[in-house]
Structure formats: structure tokens, C-alpha cells
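**Q** For reference, the chains in residue letters:
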Amino acid sequence: MGFNFDIDNTSSDKESIKKYFRELRTRLIIWLLAGFVVPYCALYAYFHLQYDYTLKKTSKLNLTVLAESQRNTVDLFLQERVVNLFNLFHCCEFRIFPSQEDMDAHLQNLRHVNSAFVDVGFLSSDGIHIGYAGPFPYLQDQDYSGENWFKTLMGQERNYYISNISTGFRDKLHFTIAIRMMIDNQFFIMRSTMGTDTFNPFMKSAEHGREVECSLINKEGLYQFVSPHRGTLLEMSDYVPEKTTGTGVDLVKKNGGATLVAYTWLTETPWALIVRQPLSIVHSGMEKARTIIISSFIIIIIIFVGLICFFTTWITAKIQAIVEKKNELLFQLQHSSKLASIGKLTAEVAHEINNPLSIITSTSGVIRDMLDPEIDMDFSGPKSIIAELETIDKAAFRAKNSTMYLLEIGHKHAPQLTLCNVNDILEEIMIGLKERQFQLDNIKVCRNYAPDIPEIMVDHDLITQVLLNLMNNAGDSIPGPGTITLATKHDDEYVHISITDTGAGMDSKQLKEIFNPFYTTKEKGKGTGLGLSLSVDILNAMNGKIDAQSIKGTGSSFTVSLPIIRKGEENEGKQH
Amino acid sequence: MKENNINLLFVDDEEEFLNSMSRRLSKRGFNVITVNRGEKAVTLAKSTPFDIAMIDMKMPGIGGEETLKAIKEENKYLEAVILSGNRFVGDGFAPKDSAAFLYLQKPCELDKILEALNKAYQKTLLNRKA
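As you go down the protein sequences, you meet chains H and R in turn. Here my numbering is used: position 548 in the first sequence is 548, and no number is missing along the way. So the number in my numbering is just where the residue sits in the second sequence, counting from 1, plus 1000.
Hints were generated in silico from the structure; no laboratory data involved. Glycine included, each C-beta is placed from N, C-alpha and C at the ideal position. Hints may contain errors.
Said to hold, decoys possible - Covered by chain H, per the in silico footprint, the following chain R stretches (three or more residues, Cβ under 8 angstroms):
#1 1007-1020
#2 1058-1065
#3 1107-1119
Isolated chain R (complex conformation) (with noise of 0.2 angstroms):
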């Protein structure tokens, strides 16, 4: 399980969700980088080049949507999954004004995270070949 270690940039107000979700992903080729603020995110994205990121809707704050436009800017080649607590969409493609890759519905299945996180790595592999 130990392959080439995907970065991930994890942003979620819900500190135990936060710490219980990057430990299982942290066991399962990611490399998990937890923050609770979309602005930290932000400032972490400026010196840390993340392949991409799962981040909250819903944060005091900046958004989970602004977080993300932001980061795009330092990131460009990012994609990210958005994860919300209150969307009536559901689990699929984000809509077009989003600038995430996928929307996840809180609460999710694992297998449903790994499979969002890794279709969301495989498009930024694309971008950057791009």
C-alpha cells in the first residue's frame, strides 16, 4: 500500500472527523495534511505543492468553495473533492459553477472517499500532462 504517496490537503472545521479520517487515509497511500480553516489552507498551499485536496463546505470562515478558488490560484493543476453536510445533490460530479472535481455527501463510505480522491488524482495527473 505503500506506493508513491498522493498529497492531500484536508480541510475540515470537525476536528475529530478531521484527525479519525486523515489517520485512515494516511494508512492507505495518502499523504494527509489536515488543517480546520479554509484562510490556513490557503497559506499552506502557497509553499506546499498538493495533488489534491477533500475539502468541507461549510466552515466558519471562508466557504469551502472560496477555499478551494484560492488554492486553485497558487495550484492550478489541483483537483479537489468537496465534501458537504446539507447538499440535497448527493454523491457525483460538482456542479459547473463549483470549482471542485466531485461532490461527496458527509456521511460517506470509505471506498466512496478513496474512489472520489483517486479519480479526482487521475485528473490532476491529466492536467499537468496537459
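In isolation and in its complexed conformation, chain H is listed as follows (with noise of 0.2 angstroms):
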């Protein structure tokens, strides 16, 4: 089949209908879901993003301030350890020269004031221990003028120094809060050692619920507090803040996991005071919301998704099952054209075949009178016989054409192209029915054949079903006389045959319509308005062509044209 219109062929029809369908199903949801969740997405990425990057600075921010709080505490437990120790300079029982009672008063008033006070020393400006109490009396006599945090206290214009934890003299860790007096030109110095774990308490009050975990260290990134899971003191820490002074944060990731870590640096003495927290608990509440987010995000997606595919396929299914009625009454109606252009050629074939019988049964009754005596014929022989004889022939012939016309126009087979030649085409038409039926309306017919027309493939039967249709309405539209001209003509590529008559003619704006279906300018009963648009669709399948010219009240023409394909480009013809 190289041709589409078939219009008995519904099953394709509406394969093609549900496939079209499918597709802008498809296509209309992919567009409204694009539509509303790129959107959407976007939103809540930026959202999402926004709301990630305050509650991380926010977070960070509380731990910064944890962290200088902390430090505040142990910066004020420091100046208040140096405070106690100026002030036995002042206490009564001061002396030059302490005696062991002395000494051990100043311990017991250290240890009054806060137990972290392990012993107290008081030495001479040469670094020798001249007075002690405490828990090792061997310290006594000691010579710290080597020491460290003896040079440095000297050597400095501040007047106390905390030093690092270290052994010392003693095989126990601990701290060394010095200070120095000037007293008569000369230098004496009290010393007091602190235990490791002096910090414990205030540090361990921070560290209570969402595992933050505080720690000091020294310049050289040993610590000097740390809980006991995480280190040893003095050993290294494993972070070092890259800042000698101030305050900041960092965070750490290890094999562990992240870890968010603020440090600030204490003023009394240069060690900083880290505070950790594992980046999961500082976030717990960000994911926790998170998740709400999350999943309120995907049901919305889900609930849209959903209401998008169903209100898609439900309204498709809708418009579907519409296109598919009127798809169906379309059927019917060009069936039921085709059963009205039926009943148009019944009435002008039987027209032309009662008339010939009519002739045959009078004629024959003529004969039956000239046999019958008592009725008074003429009779002149055999001879008069045979030529009423010759007239009846002649009639049955005359309804044997008309038999024939309606047989071809009523043949109904697969499209076939044929070689034909249109002038022969028209001439068929003519002779087999419109040329009596014009007359019979007061038509004229002119012919304008071009004789060398050339031959063209096409499908013979519907051509002459176009050219028919296209001379019902010429002739339809001639009220009483007229004249319709039939002529032919060809070009290089295509045929064209124009059948133009002086009938009522259209205005341009019936001109425009009348190609669309259903659309007529006959009275009501007379033309169901499938005529011109099937022809459209069969010139179109055979890669043909129509026009109308019309001037309203003078006429109309209408040019078929039709592709020369020779044979040979048949193939090519076909595949369209």
C-alpha cells in the first residue's frame, strides 16, 4: 500500500493515535516535572547550603567561646596561685631568713587558700633554697641557680613566671609558679609547685555532656593537661595551633573523624588552651534537621511526581479518548459521505438505465402491436421489425454503459498506479454519465484538451473519483444554464487538468474553507463536506496538488495537478 488516506483503515489510525498519546504523555511530564523540580531543587540546594554554612560559623563561634571562657578560668586561677604567693611577703610570718615553722605556716596558709598548693620554697637571689615545706624535704639547700625558670624569672621584667610541667628535681610531674620580691636591694623568690592535676576540676566542669574535651599545651606543643584517653602529659599533642597568640579554630580531620578544635593562648603564661569536639556531636542537630529536610523534600517530590503523572495521564486520557470519539464520528461521516455521493450516482444511474429500458419496453411493445391483428399498426414486413429491433439494441447498450461506469466507480482494490492518460480519464467520465446528466441540467461542456499530454502514474479509480467529485460540484453549483469547461495542460514536472464552470462562485472567505472538512456551501442535505478534503487527501498520497479560483458570481476553477513520474521514477513516487 503506498497510500495513507485509506479511510476504512482505523485500526492504524488508532495505533498512531494511541502512539502520539504515549509520546506527549511522555513529553508532558518530563516538561512539568523539569519545570517544577529543577526549580524546586535548586531552592532547596541554596536553602539547604545557606543554612549548612551559619549553623558550621555558628557552631565554630560557640566553641571559640567555650574555649576563651575556659581560658579566662585558668588564666584567673594562675593570677590568683601568683597573688596568694606575694602576699606571704607580707604575712607575719615573714622572715629574711625563714625557720622550718615559718615555712611550714606559709604552706598551710598556701594549702588554706586552695589545696593545689603541693609545698612551698623561698629562695635567695643566688638560686638557693633556703626554706621549704613540703613533701620533699631533700629539696631543701637545693641550687636552682641553673634552672630555668630561674634564669628566665631573673632575666625578666615581669615579676612571676609559671613554668612549663617538667620532673624537676623530684621523679613527679608537676608546675612551678615562681615570683620574686625585692627586699633591700636583694631579690628573694618564692616558689610553689603545683600537682598535674590542678586543672581537673574546672576543666572537667566544661567537658560534662556533648563530649567536648579540653586540653592545655605549651609553645613547643607538649601537653600540660590533657584527659587520659587522649594523652600523656608532655607527650606531643597531636594538634598544634600554627598561631602563637590569640584565638581561632580549626578543624581536624583524622582516621577518627572530623574534629572541630578551638585554641586560645593564655595571657599568664604561653600555653594554649585547646577545646575539641567531634564535628558529628557539633553537627548532631544540623543533621538531625537535616533529615527532617531531607525527607520532607523527597515526599514533596514524591507527592508532585505523583500528582504530575496522574493529573498527566488522567487529562491525556481524557483529550485521548475525545480524539479518538471524534476520531470515530469522522469515520462515520466520511462513510456516510461516501454512502451520500453512492446515493447521488444510484439516482443518476438508474436515471440513465430506466430511460433505456423504458425505450427497450415501448419499442418492443410497438413490435407486439404490429404482430397483433386487432390492433392496427403499420406493418411493412420483417424490415419494419428489425428496425425497432435495432432500437432496442441500441438502448440495452446505451444501459450496458451506464452499468459499467457504476461498476468501475464502485470497484474497490488497493491502490494501483497505473500508467494512464487524463484526457482519457475525463473522456470516460463524460461518456459514461456527466455528459447526458449536464445536458439534462443545461450544461454545456467544452473541451480544452492539450493533445500531447503526457501519460502519468497514477491510481486510476481515484483520480476519476476526484475528477467526478470536482464535476458533481461544478455542476452543482450552475443553477440553470451554464457552461463548464474541461481542459488540460502539462508543464515539466507536473499535469494539470482544470475544470472551471460560470456557476455561483464563492468569496474569498468560502475560498478559504472549502478544503476543511465538513465545511459546505450546498444546502443542507445535499453535500456533507468530505468531498474536496478526501480529495486533498488523495492528491496529497499521490504527491499531487489542488487550487481553487473563484470570483463569487461568475464562477469557479478548480486545477488538479498531478507529478509526471515516468516509469522508472516509480519507486521514488511510491515511497511518499
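Using the supplied hints, reconstruct the complex from the two chains, each of which is provided in its own coordinate frame.
**A** Here it is in C-alpha cells:
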């Protein structure tokens, strides 16, 4: 089948409608989803990032604030201890050469203020331990002049010094607070050691909950205070801040996970207070919020995708049903149009058969009258009977012409391209029926055929259908006497067949509509308005075309153009 | 059979039918005048007082109904039979909008035509009396 206009072939039509709507639905869903989901995702991503950024910043700030408050506590604690030591110079027990009782009293005073004081010692400016009270009595008379802390204290402007943690002259880790005092132009030094558990209470207070962990390191990065599970004292810290002053916050990633670290340098001694908090804890609130947001986001997306899919499917199904119903209706109308044209044809053919039949019966009646002696019909022997029989034969063959034509028009078969001469097709239609029909309607037919018209590859019956339809239209448009001109001509590409009538004509508005299905200028019941639209389909399938020109009140001219396809090019033409 | 001849105007564009039918009818008591066009029939009706007419429905020029209407304007008592080649209604009385008395479907048996023509003639006579 080279053509696709066959109106009976509705199953393939239904398939193509289904396919079209499947594709339409897919496209609609994709575009609606893209139109909704993409902006929604972008908006969501933007807010999420903003939220993330703000929260991270806030949590860093929180940790920094915590570190600074801890540092202030530590600084304050150290300042208080320094002041405690200075106070010893001013108490009543103070003597430049203290007795053991004096020193014991000093220690007692100190421990009364704070139990972190382990011992107390009193040194002369040359670094000799001239008084001591505490658990290490062998430190009495010890020479500290070579010790770092002593050298620093004597060399610096500040009159107190807080040492790093060390074992010193004993085998227990401690740190030393030493102060110097000018008495009679001579320096005297009061020193006391503090145990390593000094910071425990207030460091731990910050740690409870939220897995915050505090530690102290010195300039070299060695722990001065640390939680036992992180490390041991004087061990190298796993984190050493780059800066040696001020405050900062860092994100440290280790195999165990990421940790947020805030540090701040003490004012009293070059130690840094370090606060660690695992990132998972820092962000636990955020993670929770994020989980809620993401799940709500996914739920919304699912709801929208579901709604879009559902409504698109629903709407396209609705439209598809309407289109299918419309197509069914169109098919029925095309069918009724066919029936209508068959009806018109039948009436014409009936007339053209009944007239010869009436001639036959009346002429045979004449013969019967001739042979009836009762009737005095002129009778001059067999000759007169033969003359009547010839009239009968003539009429019979005239009737046969009409039935042949009817058979040809009604014959339905797969479209078949054959070499045809359009002049011959026009003549077949005219001789078969139309000429007499036009004559009855007082329509004169003028022929203006090009004698050298090339033969073209067309479906004979379909072209006949198209041309017959045009001739019917031309005939119908002429109310009284008129003329129909049939003309053929050709150029290099096309054969043109024009059918021109002197009928009612159409205005430009009507002319624009005539190829639309169901448009008709004929009165109700006379035309279905499908003839020209079907003709357009037929001609399109053969790569032909149809043009109309008309002047209201003067007449119309329809020109059918068919491509000249010679043998050999036939296959090319069929592919369309 | 040669009682008082009925004047019959027979109009049909089929010359052969006109010829054979008029020959048969003239042997059956009709005075048949044949014409092959409605216009000619109208002209003829002006000068000839026909009793009845038998007219073909479809003809070049003016058709059967129109011809009959024009004739009836000249001869108001005249009744007519219209012959048709493609009416589906069949034989019998003409529809109300028709000027004819009876309709006959072509082809038609002679007896039916005679019966119809006689009925038409009786109607004409009635018309004249009334």
C-alpha cells in the first residue's frame, strides 16, 4: 500500500493516536517535572547550603567562646595563685631567713587558700633554696641557679613566672609558680609547685556533656593538661595551632573522624587552651534538621511527581478518548459521505438505465402491436421489425454503458499506480454519465484538452473519484444554464487538469474554507462537506495538489496538478 | 377503439421512447402530440387545448414539473402524469407540492400508463364540470 489515506483503515489510525498520546504524555511529564523539580531542587539546595554555612559558623563561634571562657578561668586561677604567693611576703610569719616553722606556716596558709599548692620554697637571689616546706624535704638547700625557670624569672621584667610541667629535681610531674620580690635591694624568690591535677575540676566542668574535651599545651606543643584517654602529659599534642597568640578555630580530620578544634593562648603563661569537639556532635542538631528537611523534600517531590504523573495521565487519557471519539465520528461521517455520493450516483445511474429500459419496453410493445391483428399498427414486413429491434439493441447497450461505469466507480481495490492519460479519464467520466447529466441540467461542456499530454503514473480509480467529485461540484454550482470547461495542460513537472464552471462562485472567505472537512456551500442534505477534503487526501498521497479560484457570481475553477512520474521513477514516487 | 379521441400532450427528451410510445398510444384512442422539450410544450399548449399531458421529469431546459406548471397556467383543467426515471417513490399519486395528478416510474407497462392516463382524463372532465 503506497497511500495512507484509506479511511477504512481505522485500526492503524487508532494505533497512531495511541502512540501520539503516549509520546505527548511522556513529554508533558518530563517538561512538567523539569519545570517544577529543577527550580525546587535549586531553591532547596540554596537554602540548605545557607543553613549549613550559618550553622557551621555558629558552632565554630560557640566552641571559640567556650575556649575563651575556659582560658579566662585558667588565667584567673593562675593569677590568684600568683597573688597567694605574693601575699606570703606580707604576712606576719615572713622572715628573710625563715625557720622550718615559718615555711610550714606559709604552706599551711597557701593550702588553706587552695589545696593545689603542693609545697612552698624560698630562695635567695643566688638561687639557693633557703627555706622549704612540703613532701620533698631533700629539696632544702638545693641550688636552682642553673634552672631555666630561675634564669627566666631573674632575667625578665615581669616579677612572676609560671613554668611548664616537668619533673625538676623530683620524680613527680609538676609545674612551678615563682615570684620575685625586692627586699633591701636584694631579690628574694618564693616558689611553689602545683600538681598536674590542678586544672582537673574546672577543665572537667566544661567537658560534661556534648563530648567537649579541654587540654593545655605549651609553646612546643607538649601537653600540660590532657584527658587520660587522649594522651599523657608532656606527650606531643596531635594538634598544635599555627598561630602563637590569640584565638582560632580549626577543623581537624583524622582517621577517627572530623573534630572541630578551638584554641586560645593564655595571658599568664605561653600555654594554649585547646577545646575539641567531634564534628558529629557539633553538627548533630544540624544533621537532625537536615534529615527532616531532606525527607520532607523527598516526600514533596514524590507527591508532586505522583500528582504530575497522575494528572497528566488523566488529562491525556481524557483528550485521547475525545480524539478517538472524534475520529470515530469522522470515520462515520466519511462513510456517510461516501454513502451520500453513492446515493447521488445511484440516482443518476437509475435514470440512465431506466430511460433505455423504457425505450426497450415501449419499442418491444410496438413490435407486439405490429404482430397483433387487432391493432392496426403500420406493418411493412420484417424490415419494420428489424428497425424496431435495432432501437432496442441501441437502448440496451446504452444501459450497459451506465452499469459498466457504475461497476468501475464502485470497484474497490488497493491503490494501484498505472500509466494513465488524463484526457482519457475525463472522457470516460463524460461519456459514462456526466455528459448526459450535464445536458439534462442545461450545462454545456467545453473541452480544451492538450493533445500531447504525457501519461502519468496514478491510481486510475482514485483520480476518477477526485475528478468526478469536482464535476459534481461544478454541476451543482450552476443553477440554470451554464458552461463547464474541462482543460488539460502540462509543464515539466506536472500535468494540470482544470474544471471551470460558470456557476455561483464563492467569496474569498468561502474559498479559504472549502478544503476543510465538513465545510459545504451546498444546501442542507445535499453535501457532507467531505468531498474536497477527501480529494486533498487522495492527491497528497499521490504527491499531487489541488488549487481553487473563484469569483462570487462568476464561477469557480479547480485545478488538479499531478506530478509527471515516468516509469522507473515510479518507486521514488511510491515512497511518499 | 376509436371513441372520442383524448388529446394527449407527450413530452420526453428520449426521441425513441417518444416515437414508440406515441405510436402505441395513438392506436389506443389517444390523439398524441409529441415534443422533446418543455419549452416547446409550453408554446404548444398556448394554441392547442389538450385534455391531458404525460411529461418526463428530467429534461434539458425546463424540467417536467416546471413545464407542467407553465402549461397549467394556459389550461387550468388539464391533468398530467409525470414519468420519472429515478424517483424512489414508485407509481401512484403525485406528492402535494407537485402540479401533476399521478407519478409513474420508468419503465412502465402500457396497461399502467393507459390506466393512469384514463384516470387523469376523468379528473380533467371532473375539473371542467366543477
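**Q** A separate judgement is required for each hint: does it hold in the structure or not?
**A** Hints versus structure:
no.: 1; hint: 1007-1020; result: holds (count 5)
no.: 2; hint: 1058-1065; result: holds (count 4)
no.: 3; hint: 1107-1119; result: holds (count 4)
Violated hints: none; the structure is consistent with every hint.
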